[in-house]
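Trainee: Each chain, written out:
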Amino acid sequence: VRAFFRDNSMTLAFLALFVVTLVGQAFVGHADFNHQQLAHQDHTISFWRYVTSSAFAVDVMENWQSEYLQFTLFVIGAVWLVQRGSPESKKVEDIGFESDEQQKLGEHTEPDSPKWAKAGGWRTHVYSNSLLLVMGGIWLASWFAQLITGRIEYNAQQFDHHEAALSLWEYAGSSDFWNRTLQNWQSEFLAVASIAILAVYLRQRGSAQSKPVGEPHTTTAAEG
Amino acid sequence: MPADRRQAVGPAVRLRGGGLMRTVYALTLVIILLGLVYAIVIGALGQ
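Same order as they appear, the protein sequences are chains A and B.
So the first sequence is residues 923 to 1146, counted in our numbering.
So the second sequence is residues 138 to 184, counted in our numbering.
To be clear, the hints were calculated from the coordinates, so they are not data collected in a lab.
All C-beta atoms in this analysis are idealised placements derived from N, C-alpha and C, irrespective of residue type, glycine included.
Treat the hints loosely; a few may be bogus.
Claimed, not checked - Cβ-to-Cβ under 8 Å is the rule here; a few derived chain A residues that face chain B:
{"no.": "1", "residue": "L937"}
{"no.": "2", "residue": "T974"}
{"no.": "3", "residue": "S975"}
{"no.": "4", "residue": "A979"}
{"no.": "5", "residue": "M983"}
{"no.": "6", "residue": "W986"}
{"no.": "7", "residue": "I1060"}
{"no.": "8", "residue": "S1064"}
{"no.": "9", "residue": "A1067"}
{"no.": "10", "residue": "T1071"}
Next comes chain A alone, as it looks inside the complex (with noise of 0.2 Å):
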């Protein structure tokens, strides 16, 4: 059980972090929102009702899909974009999706080789882009997600100030959309563009995100 625990620490660790900071969320977001409520003299609403709320689910939503986006771009662009001396990058000589021997594939695969690399034809195809079609799929499914909660949100608030309702339509060009949207991206965007090269130069010793300390700075994909 222990080996467990170790062997699989970072996805547990980060997905309790996960559990605790949402439930944190709800909780501060219910006191949040009701204190919202009263200053506008409407009631308050229960726990339960709060987080089964699309002013709930929109604030988690526009998270989780601003996060998707940022891995989804990093793992496509990561098979052309290159940082030379970044741990975060492959080598400038690798750009593009490389052979298929350093992708072991076709003739060069293990015994071990998952099933559907060895497969060959439409299986491995669809295998060799799966981690992006996952994520992808997520960053769509959350930005959908934002967007329907998002406009009963919004349409809460025309409704508290005697304005119309927005059409799903018409709220996917609102500014209140791409307001939540767009704040959640440059976030995400300025932290790849962060971690791609201040770990050019800097380090921390003995994690995977680092290059070895005393690993040149030109060294590109290099991992401590």
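Got chain A sorted already, so can you dock chain B onto it with the hints?
Mentor: Okay, now just chain B, sitting in the frame of chain A:
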């Protein structure tokens, strides 16, 4: 597990680790899917 089958799929320790890791993998995907379904249903219901 019979010795001959164990040999066919590799060492037993590796097999056990692989099974549990697949559970972590599946759990992560299930959590994500539940979150997405939850939000889409709430939005669709106009909650």
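Trainee: Honestly, which of those hints from before does the structure not fit?
Mentor: none
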